[in-house]
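**Student:** Listed here are the chains, written in short residue letters.
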Amino acid sequence: MNDSLNQNMHTFETKDNKTMVVFSGDLDRAIASFIIANGAASMGKKVTMFFTFWGLNILRKPDKVKVQKGFMDKMFGMMMPRGSKKLKLSNMNMMGMGAPMIRKVMKNKNVSSLEELIMAAINSGIEIVACQMSMDVMGFRKEELIDGVKIGGVGYYLSEAEDSNVNLFI
Amino acid sequence: MNDSLNQNMHTFETKDNKTMVVFSGDLDRAIASFIIANGAASMGKKVTMFFTFWGLNILRKPDKVKVQKGFMDKMFGMMMPRGSKKLKLSNMNMMGMGAPMIRKVMKNKNVSSLEELIMAAINSGIEIVACQMSMDVMGFRKEELIDGVKIGGVGYYLSEAEDSNVNLFI
Amino acid sequence: MNDSLNQNMHTFETKDNKTMVVFSGDLDRAIASFIIANGAASMGKKVTMFFTFWGLNILRKPDKVKVQKGFMDKMFGMMMPRGSKKLKLSNMNMMGMGAPMIRKVMKNKNVSSLEELIMAAINSGIEIVACQMSMDVMGFRKEELIDGVKIGGVGYYLSEAEDSNVNLFI
Numbered sequence: 096m097n098d099s100l101n102q103n104m105h106t107f108e109t110k111d112n113k114t115m116v117v118f119s120g121d122l123d124r125a126i127a128s129f130i131i132a133n134g135a136a137s138m139g140k141k142v143t144m145f146f147t148f149w150g151l152n153i154l155r156k157p158d159k160v161k162v163q164k165g166f167m168d169k170m171f172g173m174m175m176p177r178g179s180k181k182l183k184l185s186n187m188n189m190m191g192m193g194a195p196m197i198r199k200v201m202k203n204k205n206v207s208s209l210e211e212l213i214m215a216a217i218n219s220g221i222e223i224v225a226c227q228m229s230m231d232v233m234g235f236r237k238e239e240l241i242d243g244v245k246i247g248g249v250g251y252y253l254s255e256a257e258d259s260n261v262n263l264f265i
Numbered sequence: 096m097n098d099s100l101n102q103n104m105h106t107f108e109t110k111d112n113k114t115m116v117v118f119s120g121d122l123d124r125a126i127a128s129f130i131i132a133n134g135a136a137s138m139g140k141k142v143t144m145f146f147t148f149w150g151l152n153i154l155r156k157p158d159k160v161k162v163q164k165g166f167m168d169k170m171f172g173m174m175m176p177r178g179s180k181k182l183k184l185s186n187m188n189m190m191g192m193g194a195p196m197i198r199k200v201m202k203n204k205n206v207s208s209l210e211e212l213i214m215a216a217i218n219s220g221i222e223i224v225a226c227q228m229s230m231d232v233m234g235f236r237k238e239e240l241i242d243g244v245k246i247g248g249v250g251y252y253l254s255e256a257e258d259s260n261v262n263l264f265i
Numbered sequence: 096m097n098d099s100l101n102q103n104m105h106t107f108e109t110k111d112n113k114t115m116v117v118f119s120g121d122l123d124r125a126i127a128s129f130i131i132a133n134g135a136a137s138m139g140k141k142v143t144m145f146f147t148f149w150g151l152n153i154l155r156k157p158d159k160v161k162v163q164k165g166f167m168d169k170m171f172g173m174m175m176p177r178g179s180k181k182l183k184l185s186n187m188n189m190m191g192m193g194a195p196m197i198r199k200v201m202k203n204k205n206v207s208s209l210e211e212l213i214m215a216a217i218n219s220g221i222e223i224v225a226c227q228m229s230m231d232v233m234g235f236r237k238e239e240l241i242d243g244v245k246i247g248g249v250g251y252y253l254s255e256a257e258d259s260n261v262n263l264f265i
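Protein chains in written order, with the numbering used here: chain A, 96 to 265; chain B, 96 to 265; chain C, 96 to 265.
Hints in this document: simulated from the structure, not taken from any laboratory. Treat the hints loosely; a few may be bogus.
Same chains, same label: a pair holds when it works inside one copy or across any pair of copies.
Stated by the list, open to error - Calculated pairs, PhoX-like style, for lysine-lysine (alpha carbon to alpha carbon, straight line, at most 20 Å): (1) Lys140 x Lys110; (2) Lys156 x Lys202; (3) Lys199 x Lys141; (4) Lys161 x Lys237; (5) Lys169 x Lys202; (6) Lys169 x Lys199; (7) Lys140 x Lys159; (8) Lys237 x Lys156.
Since we're looking at a predicted model, the values are computed, not measured.
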């Protein structure tokens, strides 16, 4: 019995990963997700970020990558923001402020840019997963995403979530 | 002591339900919530989806149901989307794409429609709960919602959340 | 061994706090977050609400507070809603309904106003934390926020999240 007990204890003790679904492609929500992720990684936690739907745009390479695509896939590719630098805010875009102003203010106040946050995340071993189904729907190929991204399905997300005590949908 | 220990173990072992608050009535977020829910159910997990605020619209029957209502309740009923087929996207609506295009692309890529995902959820025993308070505020009656929906309050949601190791707000 | 075991048990048993990141400054999402928070507090749970980005606006005092600020900080202060009474809906604002109508309907149906929900939260000991970094970026000072608010960073949020079995991002 002691063995099974220790096993249970072990299972419990290690269930403190952090897993986020990053559904949104808004600049502000992207920044928030990476700040939380990097904070948790700096505390020694395993972090998985699962990018789905609009969140995939955060992971796009800024330059066009040559791949063969059908008409609809090309349309999606053109209409959606190509990478982190093209993301918009969820709020206050209409009032003339928008993403550039927030970026400037964050820089003035010495807050890392989204691009720096993403680099830090990859360097600290945070797992960046692109949702397989969303890639299919939007017609994205792996080579169009930044380096270091892994592809996975909802099953993979759920297995990571299972081992996490903090699960967020952003 | 062994007994209390085993009990504790048991409590811990069974705390792996999944609970989601579906606050949003956006087509894309609705799809994401049902994909996650169905994935978890297919892994044998108990899943509870608590629909509140705009999320209630996802559960509306597409046809008008004859019920006596006050003026404001009628207004709400008319102004909000009547069921899953009328939902809009959280994004890209302005650029002329919108919900029909996403639906077409998902069909082309053999992804289930929202309606199929909802049916699958109900058939696999996922608990679909409509928020009592939101129904009162928006003037919805139970007979206006699709079959198989249960009504519950925030206390019910919290008790389900308590037994879950994945909790999301969508 | 029994000692370490009991300690583990204890750790596990008390890990049922509730922690929310309130990122959004929408009236409807603010109401939802406080209804969940107050519900959990009434069940005797410890609740922490971490207000970041637009969520900070919920905590602003309605009247202007005299503080020295730079140009950009003043701009932010003027452009963003000053407190809970100025928040807008995430939805249906365009159709002429908006926040006042929802407030009226909620009042008619005897649902507490956001201001009452906030007061109840503070009175029941829910921890209201304003994100340090967001305050820096937006140029908010502590005296501009309602009384009873604590300032904390992402590290503080993560340590509270660690002790919670319900974690939400709103």
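**Student:** The structure should be examined with respect to each hint, and the outcome stated for every one.
**Tutor:** Against the structure, the hints come out as follows:
1. Lys140 x Lys110: both (10 Å within a copy, 17 Å between copies)
2. Lys156 x Lys202: neither (22 Å within a copy, 27 Å between copies)
3. Lys199 x Lys141: Neither way: lysine 199 and lysine 141 sit 31 Å apart in one copy and 38 Å across, limit 20 Å.
4. Lys161 x Lys237: Within one copy, since 12 Å is at most 20 Å while 51 Å is not.
5. Lys169 x Lys202: This pair counts as between: shortest inter-copy Cα distance 17 Å, intra-copy 34 Å.
6. Lys169 x Lys199: between (32 Å within a copy, 15 Å between copies)
7. Lys140 x Lys159: Neither, since 35 Å and 41 Å both go past 20 Å.
8. Lys237 x Lys156: Only inside one copy: lysine 237 and lysine 156 sit 10 Å apart there, 40 Å across copies, limit 20 Å.
Of the numbered hints stated above, those contradicted by the structure are hints 2, 3, 7, listed in ascending order.
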